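**Student:** Residue numbering for the sequence shown follows our numbering, beginning at 69 and increasing consecutively.
These are computed hints drawn from the structure, not numbers from a lab. What you are looking at is a predicted structure, and each value in this text was computed from that prediction instead of being measured. Note that the Cβ used here is the ideal one computed from N, Cα and C, for glycine as well. Be a bit skeptical, because a hint or two may be false.
Claimed, not checked - Dumping the calculated BS3-like pairs for lysine-lysine here, alpha-carbon to alpha-carbon at most 25 Å:
| no. | residue 1 | residue 2 |
| --- | --- | --- |
| 1 | Lys-186 | Lys-200 |
| 2 | Lys-592 | Lys-577 |
| 3 | Lys-281 | Lys-186 |
| 4 | Lys-581 | Lys-592 |
What the hints assert, rightly or not - Ranges of calculated distance between the beta carbons of each label pair, as one might list FRET restraints:
| no. | residue 1 | residue 2 | range |
| --- | --- | --- | --- |
| 5 | Leu-832 | Ala-368 | 38 to 46 Å |
| 6 | Pro-499 | Gly-617 | 46 to 54 Å |
| 7 | Val-262 | Glu-678 | 20 to 28 Å |
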Amino acid sequence: MRNLHRNVSLTLRKGRTKLLALLVALLAIASVEIIGFNMPFWSTLSASTDSASASNILGPGLQQRDDGLLEITDPTQAFLEVEADGSSSYARIDPDTSISDSSEQDSESAAKDKDIVKSLYVRVDSDGIAGKTQSVDVRVPRSLYVHSNARHTIRLWIQEPAGSLIPIAAIRANVRVPFHIDWLRVAAMIVVLVLIMLFRPHSLLWNTPLDTKKTSQRLLFAVALLPFALMSIFRIIWLLRFSQPSSFHIDGGYTYDFDQYGHLADALIHGHTWLDLPVPQALAQADNPYDTAVRDQLLAQGTTPIYWDYAFYEGHWYSYFGVLPALLLFVPYRLLSPLLPGLSTSLPSDAAVLFLMFGFLVFGSLLIIRIVHMAFPHASLAFASIALTLFAIGSNSYYLWFRTNFYSVPISASLLLSSLGLWLWLGAFRPRHEQSRNLAASESNAASQTANPIRTRGIWAILGTTPISLPHLASGAICIAANVGCRPAFALVALAGLPLFSDQIIALKRALKNHSVSVAHALKPILAVTIPAVLITVPLAWYNMLRFGSPLNFGNAYQLTVTDMTAHHTDWANVMPTLGYYLLLPLRLTHRFPWIGISPTPLPQWGYAEPMVAGIVVLCPFLALAVAIPLLRKYFANILLRNMLTACLGIGTLILVVDSIQGGIGWRYIADFAWLLAMPAIGTLAVMLGEHRRKPLESSTLQQSDLASRCEHIRSSDDSRLGIGLWVLRCIVVVILLYSIVITAMSGFVSGRDDAMLRSNPELWHRVASWFLPLL
């Protein structure tokens, strides 16, 4: 009775402490929102709001139109000027209220072929002192407040090209910035708070073992995936309803058509391998259409269309990678589209990528959970959650979620297939059948058992090894072999199966040598792997033969791109810098939102280099731990799994080197190898955090209904023994994890990257940027 009273008192005391901590944290968020982010409001309460500032002087480079728009006639003189009295440190740009999204008839008739620029660059000069260039959007009111300490005059320069139509009415000085609570910003701070509370050193998650059979933990996993599922479904439906053909032509230049897999689907439906796209006669008759000088000459002569980044071979256009997603996604949708009125007739690449990336999120997460559970059977739920976050960031999947054009289709498909294949292979082991077999062996003649292996439906075993599921083995082989039809380099993942099933391979070889197993039984696992692989790869090899005359020729050398790919060879002087940039390209800090920018990647010789923010190890420092995995054999409960992770490190390194030699620097190429490095990094991090030392709950503890007692038991058996070192290490891990999350999220707002959000979704960019108005 006394112990019960003590436990109740302890639980209540801890509950009050946690409640107090939660209230303090919520109070801190409220203070930051009300005071910090609204500092412009508090600092401009004494602004005069003098009506004299309503009178603007237009520079000679601006012309006021009858419809209220400002037309730039001379960019060097395009400014508005207004008087200020110094009572406010902010000015406000007033948009032209006569122009709205819902009344575009007048603007269209007035502008004709000219667009109204709603997201524009401006510069605010205060009393003749030049300010900094910044971007504003007339659809985001908060972004229209610009900082100025002028005491006499404010000059607003509009930094857009001649002919631009600007929906600005005036600039106002001496203004008061309104008080504003942004609930999306509050939600973001709450998410950070929740992460800190969940992963703090002595949180409940650290004291809760990962149990993949527990319904509550499965439900928690589903809830964590729900926002991504809803976002993907909503976005896919929107794309299917409102997406337009994404192709455009530049006069005197190339034609850019991003519906490449839609065209491939049409070609497959029509029974041929080339795309049904027009081929200019001059291009077909050119001696070397891959030579950039020849193509430039053809473009100058008006030859069109010449499709950018399409493969061109013997008078036909082709798509080089990704026939499998075209066959499995784009063809069925194209055939069903007549039955789907109101939807796009061709599957948008963006929708396909979102579908594939959500699949990778699900099965990649299941793969990591299975790895953690097999390697460290008593690992904590906190570590499993950290491992999932590390994998999501370290795999570079965020880039593919962000850039959902046709370039991402084969990579996202291979990420899904590879993670699914490895998950199936890891699930092939059947230790329960091994226990049943051992029991049977103890009750019968051992020699008879050796000569006649246990035959259970779908289960294959050799004595001395863990039984494996042949359906899992075959299904995994199908998925991994299917990479040949997506991103072929991912097929190297098959090599991870050698160390994973090494016990079975060695035992089978020994049994065949000793004639203790029948040939039919020995062939079962071999055929379970080879038959699915052959069924997948042979048709794909035949497909390549039909197109380019070789089973291993995917046509990527025939693409019309920045250089002649048929003659291009990477200068070896570029390889080492490229490897360094992929991994360790440093962050470049800037003085404007999002305070990081594109980092330069100079090379000794010319080479392809896509703008990048940082190397993957800089974005996710945990990946550096992958190199230690070969040294940690004794810490793993499953040595074969450790060997597989070591193989993943080698395969990832090999793909990194191949990409550096053949592809140059491409942000999306990081996804080829980073996910393979993330898995061994997770194993090393688990050992560093002592997850291998955890023990199962004692039976007496399992019978206790008091949650506090259970947690106290685990804490006393693990955490206290590791002491302050473990506490500090967990804090460091949480800080690094938050750093990776923030930097990865902010990288989506960087200007200068391909598909920059400032161009693709300027409203969202300016809304988030306006969160930090006090710092702009």
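**Student:** Evaluate each hint against the coordinates.
**Tutor:** Quick rundown of the hints versus the structure:
1. Lys-186 / Lys-200: holds (19 Å)
2. Lys-592 / Lys-577: holds (14 Å)
3. Lys-281 / Lys-186: violated (53 Å)
4. Lys-581 / Lys-592: holds (17 Å)
5. Leu-832 / Ala-368: 38 to 46 Å: holds (39 Å)
6. Pro-499 / Gly-617: 46 to 54 Å: holds (49 Å)
7. Val-262 / Glu-678: 20 to 28 Å: The hinted range 20 to 28 Å is violated for Val-262 and Glu-678, with Cβ atoms some 34 Å apart.
In the structure shown, a violation is registered for the earlier hints numbered 3, 7, in ascending order.
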